[in-house]
Amino acid sequence: MATNVVERNLAGVEDPFAGVDFSHLERSLRRPRTLIDALLNLATAALTMLALVPLFSVVVMLLWRGGKRLSIAALTSLPPGPLEAGGGFGNAIVGTTVMVAVAILFSVPFGILTAVYLAQSNNKVAEVVRFCAKLLTGFPSILAGVFAYGAVVLATGGFSSLAGAVALSVLMLPTVILTSEDAIRMVPSRMKEAAIGMGATTAQTVWMVLLPTAIPGILTGVMLAVARAAGETAPLIFTALFSNYWLWQHGQMKLMQPTASLAVLIYNFAGMPFKNQVELAWAAALVLVLMVLCANLAGQALSARQVQR
Amino acid sequence: MSTAMPPLRPANGHAATLPAEKRDDIVVDCHIRELYYGSFKAVRDTEIPIRKNSITAFIGPSGCGKSTVLRCLNRMNDLVRGFRFEGHVRYRGRDIYAHGIDPVAVRRFIGMVFQQPNPFATSIFNNVAFGLRLNGFKGDRADKVEKALRAAALWDEVKDKLNKSGLSLSGGQQQRLCIARAIATEPEVLLMDEPCSALDPIATRRIEELMTELSQKFTIAIVTHNLQQAQRVADYTGFLYVDTTQGGRTGYLVEFNHSKHLFEDPQHPHTQQYIRGEFS
Amino acid sequence: MSSAAPVAEFPTSSPLFDARAGEVTQAPSRGQRIFDAVFRKTCHTFAWLTILLVGFIVARITAAAIPAIHTLGLGFVTGRVWDANAGTYGILAQIWGTIYTSVLALMLGSIFGVAAAIFLSEGFLSAAVFGALKKFNLHLKPVTLRLPDQLERLLKELIELLAAIPSVVYGLWGIFVVIPLIRPWCNWLHAQMGWVPFFSTDLSGPGVLPAVLVLAIMILPTVTAISRDALVSVPPKIRMAAYGLGATRWESLFAVILPAASRGIFGGIVLAFGRALGETMALAMLVGNSNQIKLSLFSPANTLAALLANNFPEAGPKEVGILMYAALVLLAITLVVNVAGAFILHRAALMQSE
Ligand SMILES: Nc1ncnc2c1ncn2[C@@H]1O[C@H](COP(=O)(O)OP(=O)(O)OP(=O)(O)O)[C@@H](O)[C@H]1O
Ligand SMILES: [Mg+2]
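Residue numbers (the working numbering), protein chains in the order written: chain A, 1 to 309; chain B, 1 to 280; chain C, 1 to 354.
No lab work stands behind these hints, which were simulated from the structure alone.
Be careful, since some hints might not be right.
SDA-like, lysine to any residue: derived pairs with alpha carbons at most 20 Å apart [unchecked claim]:
1) A/Lys68 <-> C/Phe176
2) C/Lys318 <-> A/Asn123
3) C/Lys41 <-> A/Asn123
4) C/Lys318 <-> C/Lys41
Per label pair, the in silico range of CB-to-CB distance [stated by the list, open to error]:
5) C/Met240 <-> B/Arg81: 30 to 40 Å
6) A/Thr34 <-> C/Arg80: 49 to 59 Å
7) B/Gln115 <-> C/Ile99: 53 to 63 Å
8) C/Leu52 <-> B/Ser197: 47 to 57 Å
9) C/Phe254 <-> B/Ala198: 22 to 32 Å
10) A/Leu83 <-> C/Val38: 55 to 65 Å
11) A/Trp248 <-> C/Ser200: 45 to 55 Å
12) A/Gln300 <-> C/Ser233: 40 to 50 Å
Using N, Cα and C, we set each Cβ at its ideal position, and we do this for glycine too.
Could you put together the complete structure from these sequences and hints?
In structure tokens:
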């Protein structure tokens, strides 16, 4: 269309481009370069979409097979024995929640205090700490379990939710440290200068300016760590083990007893030859994924609230 | 160094100080012999007396160390790695760089307003009340906050939205908020580093009026690039210049005098050229 | 003159600054000073505790493994048989399984992961959507104005979501979806081309291939995230230079952008390798837990992490030591890979900033 206009306007005027062959400026798939380009575009698009197929498959299967079995009863009753009908994973939900909560108690203060130090210093110690935290992020989760087994299970003489929580907190710690440090460093240095210029001590600067300003970012990191910890199985198999009973018995919290968790329940039930258990495993998987997603979404919502630089 | 004395240097090292005049109202007595950032010598031979209830302005070309000198006065430079300082800064006769002096305490008494407005990401009220909390003030905070905001000529604009974020204000309002924050605790000395450089002429005028008012109660030292501003508000003005003769870029004080004298009858050729705008 | 006597008007005999404590202004109170000192010390201590924690983890595992190291020696690492009844312990098969599955998963995951990273970083999707909208003249409507960007962000978040799904759920999905799905195809391949070493056995249930597929999915988000960062941080001027010379999008990608980002991408792949080596649950559920060294993709195998997961819960005191030895080997392998990955990324970041 555009070319028509041009031609009309140029009517009567000598065409300055006469003799120039414009055809090689047009985009044509017949040219090998263009063709290869288009093919590669298609290929990456296809690969990316293909990478998402498993995600959809997992989600669909969870909703279909897990949703079928999900009920109030499943959420509130104890795991069934072999060949027993009904049952649920109420104690596993409690166990996962309690262990993650205890792990938060261990790792969050630890992580934030470390992050405060890291954000303030650029010395060798800080560098080594940062390196250690990075190493811990790549640390196989099962080794956290091995560590908790050696440090807690062997020392206290039995499997316990405490051991599980220790293992989980080792896994949460690096995420909390690194994201909190980032969040604190993101606080504009002008604000820090303002506080120091008014005669704030370091502690006052941290408590009254840095942490309040950085708190959305820090919480984002905590939520990410929670999401990761809640789904971890390997470190729990031989620290918290499993239990068919409630964590809360006779009015007491049995923190030093073996404890059920959603992840270990899924692992155990997935390998069982009983239909009821397999169905429960899917339902528990749905609940677990929902919990993890909630933690993730909460983290993202918080990070959206972070102040701009 | 004293053997190869560069020609730019004042004859006896402190010729730049005021001629015989009573020295008993000097609140901050700044004498920088040498000041280093790492191995870089940033400032030398700068002696400035800052007098009670007066406004003292520092002028000079960019990079001559005005901010550095100002930040010396409440030990903000301590935050810079490799900062070294020779000389003394006396506040009420006490050397604030002496051994055993807590820089945090110094900064409570000698407040600072920065070039860029830097309110905290909390409400307007909390911004102003920050210093009160810092000092563990037990009395009526709301009253102090209101007084400070009034003194900073901001009260009427924000009295209905004290719970709004300090960051939601305009640049000029933010700067006045920062001034309110700084004066809420009633420090004796207020250091201002180009407080108007981010502001439009109208906001600048308001802040200038504000400074004149505040000088009744506070002692103010201000860095400015705006010669008219120094002329308008400052009682005393110091002119700093860069000495490149020794290979480095070391700032030093060329001339210090009553603003009236310094602008109308500058003694040193460099000052004359600078004031007439002959430096690029 | 500079050392002139203190001015009479201001008494200096009292402690510093008490002279003029205004109505508000105070020197920091004793409480504030103490809190400040304690707080700083606490932060410093916790920073040191992080270092100590890592040291303690390594030391704890090593200490627990020392008896087994003494009795079994290096033969543990080279032995192929793990038979608790006979008292012979060797983990060569598990090491082989760990590395074999990880390498295969890495190849698969990297191809998809890097492709997704390119797709996400070069704005293909938003360009395509914009083009499509433009065809229908909808591209400037308020509703659709931001659609291209939103879709692209959605895609990025979906890929990140892959990482959010717990590995045990992948394991469950692998058992009940992947294995039944690929089994007929695998067995057909075995029947047709059984002479190829990779297809030399049939898939009777769990095996290397399902484990590799699931593992690849699990490491893909890591590869994508790091590669995307590397691609995005290639300076635009390099890109512009290539386009300015008349290169097509892919010519400039291959000629300048990918090479510039290659270190970052490689570092990401190495880190993903570390993840794959340490991944436990999906493998424990899908790999078959059988100690053998075979090339076949369809035969069951075992990995170090799965060995630990399966044997720790019922281990007696003697076995615990032996398992700790295995854990130490796993720790050593992942440590080397992770340090290498971190180092490469560190270097890549340095190169970028220069
Ligand atoms: N934190 C620092 N580290 C090292 N050098 C510094 C630092 N701050 C300032 N300098 C150097 O000290 C010299 C004086 O800087 P200063 O900021 O005091 O100049 P200024 O007179 O305030 O300039 P301007 O008018 O541009 O603000 C400059 O050469 C600068 O490069
Ligand atoms: Mg300056």
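Taking the hints in turn, this is what the structure says about them:
Taking the CA atoms of A/Lys68 and C/Phe176, the gap is about 16 Å. The hint holds against a cut of 20 Å. Our distance criterion of 20 Å between C-alpha atoms is broken by C/Lys318 and A/Asn123, whose separation comes to about 44 Å. Under the criterion of a C-alpha separation no larger than 20 Å, the hint pairing C/Lys41 with A/Asn123 is consistent with the structure, at around 16 Å. Between C/Lys318 and C/Lys41 the CA atoms are separated by roughly 42 Å; this puts the pair beyond 20 Å, and the hint is violated.
Evaluation of the 30 to 40 Å hint for C/Met240 and B/Arg81 yields a pass: the beta carbon distance comes to about 37 Å. For A/Thr34 and C/Arg80, the hinted distance range of 49 to 59 Å is satisfied, since their beta carbons lie about 55 Å from each other. One distance hint, 53 to 63 Å for the beta-carbon pair B/Gln115 and C/Ile99, holds here, with the actual separation near 58 Å. Between C/Leu52 and B/Ser197 the CB atoms are about 48 Å apart, so this pair conforms to the stated range of 47 to 57 Å.
Our hint of 22 to 32 Å for C/Phe254 and B/Ala198 is violated, since their Cβ atoms are close to 47 Å apart. The given range of 55 to 65 Å is respected by A/Leu83 and C/Val38, whose C-beta atoms sit roughly 60 Å from each other. Between A/Trp248 and C/Ser200 the beta carbon distance is about 53 Å. The supplied range of 45 to 55 Å therefore holds. Hint check: A/Gln300 to C/Ser233, Cβ distance near 22 Å, so the stated range 40 to 50 Å is violated.
Going through the hint list in order, the structure does not satisfy hints 2, 4, 9 and 12.
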